[in-house]
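> The residues making up each chain are set out below.
2 protein chains.
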Amino acid sequence: MQKIKQYVEANKDRFLEELFELLRFPSVSADPQYKEGVLSTAEFVAQKLKDAGADNVEICPTAGYPIVYGEKIIDPSLPTVLVYGHYDVQPADPLELWETPPFEPTVRDGKIYARGAADDKGQFYMHVKAFEYMVRENELACNVKFMIEGEEEVGSANLGTFVKENKERLKADIILISDTSMISMETPSIETGLRGLSYVEVEVTGPNRDLHSGVYGGAVANPATILAKMIASLHDENNHITIPGFYDDVVELSAEERKALNEAPFDAEEYKKDLGVEELWGEEGFTTIERTGIRPTLEVNGIWGGYIGEGAKTVLPSKAYAKISMRLVPNQNSDRITELFKKHFESIAPKSVKVEVKPHHGGEPVVTPTDSIAYKAAEKALEETFNKKPIPTRGGGSIPIVALFEKELGIKTVLLGFGLDSDNLHSPNEKYGIENYLKGIETIPLFHKYYAELSK
Amino acid sequence: MQKIKQYVEANKDRFLEELFELLRFPSVSADPQYKEGVLSTAEFVAQKLKDAGADNVEICPTAGYPIVYGEKIIDPSLPTVLVYGHYDVQPADPLELWETPPFEPTVRDGKIYARGAADDKGQFYMHVKAFEYMVRENELACNVKFMIEGEEEVGSANLGTFVKENKERLKADIILISDTSMISMETPSIETGLRGLSYVEVEVTGPNRDLHSGVYGGAVANPATILAKMIASLHDENNHITIPGFYDDVVELSAEERKALNEAPFDAEEYKKDLGVEELWGEEGFTTIERTGIRPTLEVNGIWGGYIGEGAKTVLPSKAYAKISMRLVPNQNSDRITELFKKHFESIAPKSVKVEVKPHHGGEPVVTPTDSIAYKAAEKALEETFNKKPIPTRGGGSIPIVALFEKELGIKTVLLGFGLDSDNLHSPNEKYGIENYLKGIETIPLFHKYYAELSK
Numbered sequence: 001m002q003k004i005k006q007y008v009e010a011n012k013d014r015f016l017e018e019l020f021e022l023l024r025f026p027s028v029s030a031d032p033q034y035k036e037g038v039l040s041t042a043e044f045v046a047q048k049l050k051d052a053g054a055d056n057v058e059i060c061p062t063a064g065y066p067i068v069y070g071e072k073i074i075d076p077s078l079p080t081v082l083v084y085g086h087y088d089v090q091p092a093d094p095l096e097l098w099e100t101p102p103f104e105p106t107v108r109d110g111k112i113y114a115r116g117a118a119d120d121k122g123q124f125y126m127h128v129k130a131f132e133y134m135v136r137e138n139e140l141a142c143n144v145k146f147m148i149e150g151e152e153e154v155g156s157a158n159l160g161t162f163v164k165e166n167k168e169r170l171k172a173d174i175i176l177i178s179d180t181s182m183i184s185m186e187t188p189s190i191e192t193g194l195r196g197l198s199y200v201e202v203e204v205t206g207p208n209r210d211l212h213s214g215v216y217g218g219a220v221a222n223p224a225t226i227l228a229k230m231i232a233s234l235h236d237e238n239n240h241i242t243i244p245g246f247y248d249d250v251v252e253l254s255a256e257e258r259k260a261l262n263e264a265p266f267d268a269e270e271y272k273k274d275l276g277v278e279e280l281w282g283e284e285g286f287t288t289i290e291r292t293g294i295r296p297t298l299e300v301n302g303i304w305g306g307y308i309g310e311g312a313k314t315v316l317p318s319k320a321y322a323k324i325s326m327r328l329v330p331n332q333n334s335d336r337i338t339e340l341f342k343k344h345f346e347s348i349a350p351k352s353v354k355v356e357v358k359p360h361h362g363g364e365p366v367v368t369p370t371d372s373i374a375y376k377a378a379e380k381a382l383e384e385t386f387n388k389k390p391i392p393t394r395g396g397g398s399i400p401i402v403a404l405f406e407k408e409l410g411i412k413t414v415l416l417g418f419g420l421d422s423d424n425l426h427s428p429n430e431k432y433g434i435e436n437y438l439k440g441i442e443t444i445p446l447f448h449k450y451y452a453e454l455s456k
Numbered sequence: 001m002q003k004i005k006q007y008v009e010a011n012k013d014r015f016l017e018e019l020f021e022l023l024r025f026p027s028v029s030a031d032p033q034y035k036e037g038v039l040s041t042a043e044f045v046a047q048k049l050k051d052a053g054a055d056n057v058e059i060c061p062t063a064g065y066p067i068v069y070g071e072k073i074i075d076p077s078l079p080t081v082l083v084y085g086h087y088d089v090q091p092a093d094p095l096e097l098w099e100t101p102p103f104e105p106t107v108r109d110g111k112i113y114a115r116g117a118a119d120d121k122g123q124f125y126m127h128v129k130a131f132e133y134m135v136r137e138n139e140l141a142c143n144v145k146f147m148i149e150g151e152e153e154v155g156s157a158n159l160g161t162f163v164k165e166n167k168e169r170l171k172a173d174i175i176l177i178s179d180t181s182m183i184s185m186e187t188p189s190i191e192t193g194l195r196g197l198s199y200v201e202v203e204v205t206g207p208n209r210d211l212h213s214g215v216y217g218g219a220v221a222n223p224a225t226i227l228a229k230m231i232a233s234l235h236d237e238n239n240h241i242t243i244p245g246f247y248d249d250v251v252e253l254s255a256e257e258r259k260a261l262n263e264a265p266f267d268a269e270e271y272k273k274d275l276g277v278e279e280l281w282g283e284e285g286f287t288t289i290e291r292t293g294i295r296p297t298l299e300v301n302g303i304w305g306g307y308i309g310e311g312a313k314t315v316l317p318s319k320a321y322a323k324i325s326m327r328l329v330p331n332q333n334s335d336r337i338t339e340l341f342k343k344h345f346e347s348i349a350p351k352s353v354k355v356e357v358k359p360h361h362g363g364e365p366v367v368t369p370t371d372s373i374a375y376k377a378a379e380k381a382l383e384e385t386f387n388k389k390p391i392p393t394r395g396g397g398s399i400p401i402v403a404l405f406e407k408e409l410g411i412k413t414v415l416l417g418f419g420l421d422s423d424n425l426h427s428p429n430e431k432y433g434i435e436n437y438l439k440g441i442e443t444i445p446l447f448h449k450y451y452a453e454l455s456k
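Protein sequences appear in the order of chains X and E.
Take 1 as the starting number for the first sequence in the UniProt record's numbering and just add one per residue.
Take 1 as the starting number for the second sequence in the UniProt record's numbering and just add one per residue.
Bound-form chain X, shown alone (with noise of 0.2 angstroms):
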């Protein structure tokens, strides 16, 4: 232990400078004017992982952005970490919402500011950087795999094919990812659970051109009112959400697993401080923690029609659109709720509209178990960086791809995650924390050292 921490102490500059190279590339995989971003940042995480000592890296091309893999095979007989994160980020905007700019990384009272701070440039980054140390001390327990995708933001979608056509040289005996938050740094956590992702833009027509609000107001369905009543008619006065068939699948919890669950540290007032709201709000006869963690959500990301420009247009539009997200838990299946939601949200569509619901992406909710040797490892890592046992939490966020490797590569996923859920992972100022970073390189050697012992 002493040794990491020492190589941590000794190199802690270098791993903030070669961070801070990775934030500055605008790798934005939702909008095609950063292709060249994406691209680049691809050419240098391949670099970084030759650097740290990885033998067959390469750029895989793939239909979308590429996937940069890299491997350590140290000794068939030890198992296999397969480390996964992604390069790619959010969109930046609303930018004027920025402290500092979002490609610029900027410290402040110990936080370093970037799009892709803690989402997850800075969580991957990590294992380059403990990988390092591993390799040139000598310290490789195991033998080492590494996945870093670009599209992670925008649905993983060639990911799948990547998987499906390399599943010997993925094989391994546990997939590593941080890309989650524990509670905080005297509470560390380990997410065993996911929720699943089902995505969809939809567009309500009216006439077939913008109208002047005048002549035509009062005579002809406006599709920005249409909208707006079928989106408030998609949660009822619980805050249920009303497609018929929604809740089928769900998996309910045990009093006692819901228990568990609320005996995580929260603090109402303080939450809703950070937040600026007066008033929590969500599904009746749930506490935020479960609200949250193990309840299927609805949310409006975007909405827009009409003139949004500056000062005031009178006009009835033809056209208006929503970006509508479902988070999902075990056992609802992705596919399955986007096609009820199509149906629901096309049947509530009055006959002056016409309504087009277009899927953009999916992932499956997941649950990690808590007995495997991994999480133990995991378990005796942090509390050994941590001087405390980290409790098991639910995540409310989706990674659809810890669903996809169990299905298409047989393997479990232990999620390593350093973030804290104040880090505006989506937002502007999104923030990862030195300490976190720092502890997170000391952390994972002793995962790999750990779960190299308890496999034997």
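If you're looking for bench data, these hints aren't it; they were derived computationally from the structure.
All figures in this text were calculated on a predicted structure; none of them were measured in a lab.
Just so you know, not all the hints are guaranteed correct.
Where chains are identical, the list cannot tell them apart; a pair therefore holds if satisfied intra-copy or between any two copies.
Here are the simulated SDA-like cross-link-like pairs (lysine to any residue), alpha carbons at most 20 angstroms apart as the crow flies [claimed, not checked]:
{"no.": "1", "residue 1": "K354", "residue 2": "A232"}
{"no.": "2", "residue 1": "K272", "residue 2": "R209"}
{"no.": "3", "residue 1": "K229", "residue 2": "E279"}
{"no.": "4", "residue 1": "K229", "residue 2": "H344"}
{"no.": "5", "residue 1": "K229", "residue 2": "S347"}
{"no.": "6", "residue 1": "K273", "residue 2": "T205"}
Starting from the known structure of chain X, arrange chain E on it as the hints suggest.
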């Protein structure tokens, strides 16, 4: 009559070329980036008034865009006609829906396509050319004054002050405005009523920043969802507006009045076909003519919030906005309705969000008499040009200054409009028929002639 027809025939190419020049100025008053375009338009209009023979032409500064004034006083004992129009136009977006550039007038099947072609450049310029004819051919029957403003599309914010400060200069017997439409070239009509307007912008704020919809989804109110619910609640199942007190001051028409109103030709199938809708939509118990003419309405002119860019972003937005306008009928009052809306909208907001209602601009509804000399003069003039007696209609649009003029100057207005409802006012591909333009120029001198005769 022959004479003006000949004059138009002899000069029509120049009349069109001059209008095209005027249409090439991007005089979008709502968008600050077009400031230069708006100001140059005022200069162009002033020059054209001089060229046509107007005296004392002046570009009168206001707190906003200037008002162009010009006059020709031939004999104080003759009646004076004050011509009002506006040289500013609506924003052109969505640009991608224009078949030809909005500020490059293009003729297709006898129609001039350009932003402002009908609203109101093409229509007020008819008066400039008719005036040119009357001056050059010594046909002036009345004194003429022009007041062409540049802020009609943003609520004529500074016209009120100008009118108050120039009562002497603006003294007239009648105000003549061409900024409305008639039923068709086969069925000339005169609008005898206009709806008022109350235009507001609402802002709904949930959390103090955009959030990750997975980490926070289901636990905090989504302002886009709440805004949708609030907007949805503004109309009941019969499409009556639910704002308490909204209908209190509405003057209900008598059965006779409604009967007369509904005698105007209206083909619902044609109407639906033109708009590309399967079904019309509106307030229960009223015909389409009534819904757009004598009933108040509430329309969403724009709505936006969250991520509206390419692809998918799983964000729970911090804010959602809407632009909402209400068309008012006699005797509703714009300020009172704005107040009622604000009070109601704030009252229906759940505690989990903050709501701000920002009034944009408004205007009062108006009804113009059909038994006046001016109306009869307009009737005779149109009948002579179109060989058919025009029928009185109620317009759905708003020209707030009509009420303003009556209040401040005590002068009534005649709405001598030559546009068509199908001219795509405020929409992409706005157009104005060349025939409408030329017939308008033909008709206007007749109005002056008959107005002078009937005034004797």
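> Check each numbered hint against the structure and report the violated ones by number, ascending.
As far as the earlier hints go, not one is violated by this structure.
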